[in-house]
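**Student:** Sequence:
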Amino acid sequence: CIQGTTSLLSYCLGKGENIALVLRDIGVLLIEGRQVQMNFYYKFLETLSGKENLGKAIFKVPQLLDMVVSPLVPVATLSFSGRVIIFP
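Numbering (my numbering), first residue to last: 1114 to 1201.
Just so you know, the hints here were simulated from the structure itself, not pulled from any lab data. Zero decoy hints are in this set.
With beta-carbon atoms standing in for the labels, derived distance ranges:
(1) Arg1196 x Ser1120: 20 to 28 Å
(2) Gly1195 x Glu1165: 30 to 38 Å
(3) Phe1172 x Ser1120: 40 to 48 Å
(4) Pro1187 x Arg1147: 22 to 30 Å
(5) Pro1184 x Gly1146: 21 to 29 Å
(6) Thr1118 x Phe1172: 36 to 44 Å
(7) Ile1199 x Phe1157: 12 to 20 Å
(8) Lys1169 x Leu1121: 34 to 42 Å
(9) Asp1138 x Thr1190: 18 to 26 Å
(10) Ala1189 x Lys1156: 16 to 24 Å
(11) Phe1172 x Gly1127: 41 to 49 Å
The calculated EDC-like cross-link candidates involving lysine to aspartate or glutamate, where the alpha carbons are at most 16 Å apart (straight line), are:
(12) Lys1156 x Asp1179
(13) Lys1156 x Asp1138
(14) Lys1128 x Glu1145
(15) Lys1169 x Glu1159
Remember, it's a predicted structure, so these values are computed and weren't measured experimentally. All residues carry an ideal CB built from backbone N, CA and C; glycine is no exception.
Full structure from sequences and hints, please.
**Tutor:** This is how it looks when you write it as structure tokens:
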């Protein structure tokens, strides 16, 4: 399964396709052209840093919210083009 996914991922990247790799309970890795962006689920960041520490970090650096995404948001809406191949 992993080998098949990585082969298909490599093929799509080689063809210049925009892709989104959904990492369950972690977030979404979005690759569009030469731009790569990782969006994390809030719950994952909260588990890593603790609720209080995450709140302090977001207060100090509000741009961190740009990297946070809800698992309920449709993945295609995260892309600039609105067109991505989604890998589960």
